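Colleague: Let the sequences and hints guide you as you build the complete structure.
Just so you know, the sequences run in chain order A and B. The numbers in my numbering rise by one with no breaks, and the one at position 152 of the first sequence is 152. The numbers in my numbering rise by one with no breaks, and the one at position 88 of the second sequence is 88.
What the hints contain is simulated information worked out from the structure, not anything from laboratory work.
Pairs involving identical chains hold if they fit within one copy or between any two copies, as the list cannot separate such chains.
Taking lysine-lysine and the DSS-like style, the derived pairs with C-alpha atoms no more than 27 Å apart in a straight line are: (1) K99 / K4; (2) K163 / K82; (3) K22 / K82; (4) K163 / K123; (5) K4 / K163; (6) K119 / K22; (7) K153 / K163.
Since the structure is predicted, the reported quantities are computational estimates derived from the model, not experimental observations.
2 protein chains.
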Amino acid sequence: MSSKRARLHVALIHWPVLDRAKNVVVTNVTNFDIHDIARASRTYGVSRYFIVNRLKEQLSFVSRVLEHWRLGVGSEYNPSRKTALSMVELAETLEDCLKLFEERPLIVTTSARDLGLPKVTFKALRERIWSGQDRDILLIFGTGFGLTEEVLKQADLLLEPLKGDSPDNFRHLSVRSAVSIILDRLLGS
Amino acid sequence: MSSKRARLHVALIHWPVLDRAKNVVVTNVTNFDIHDIARASRTYGVSRYFIVNRLKEQLSFVSRVLEHWRLGVGSEYNPSRKTALSMVELAETLEDCLKLFEERPLIVTTSARDLGLPKVTFKALRERIWSGQDRDILLIFGTGFGLTEEVLKQADLLLEPLKGDSPDNFRHLSVRSAVSIILDRLLGS
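Modeller: Have a look at this one:
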């Protein structure tokens, strides 16, 4: 990792998000969201990975998983898993997550909806990260059927959508795949 | 998808693979390996996604998951999941998988081990795919602690390893993340 580039952070938001019918809901944390995104974050030199969920039971579940791999049997069984999971942090809301920074980071989001946010291409964001003009950049990702307008409006930039190469323009990546690909596009060598 | 480019296929191999102690084992199919890789494959215009496992119970498990989303309650609940999972095929071995092609595809693998296979960079493989020189290319991925030498030796090309940007060169992506990133590098727009 170059010392010049911005520190990149990832937040996976489970509340408030939309469900299929556009209701505001809390989604459950999936075990693979913890592991896969922590491993990708650690591989790409992300500094902090926040799991955001306001339900105490959900945060307890994540804590138990983290404890198993950081301190418990898992830490001896799989030390590289321990390394990856050591970067995971919990927060109840995006606001709480932002309080954990000395200065407000630049917030970048992805969304199929266009809310009038300034747009940024992968190329431009990559250049911006590596130029060192920002100290901290926080990428926020939604679960369920996407982030609410309230959360999206807190973002400074909207990242261009990922496009594959399907003949019918099918685009339904898991959030785990999307985070991995976006980190590779922004930070990959 | 351009009609000129090679058809790309993905095989996720659960046997024979190595475990931590280098024993040859069969690994279990993870539900997220079915979904995440099918969704990424469909998004990037992969033609066929093979789940390779020689255990009948494991193949039955995958069949039940596929049936739920293709024909059962899931197909109405989430039609895009149905679309993605419609491309999944099952095979007991890599040999069986190869029999499903009219002509033997070019086989490309990834491995941390160097077995003297000809190497190919992402850039060169991407150009080769888009040049249309091959009709079919099969990317094979291992689970557990990697493919056995016996399987690796069947490959024609070894793809360069993914490198992130971690200060200590940590590189432990999940197979789901690795497949997603590799498809983006080879087929992404």
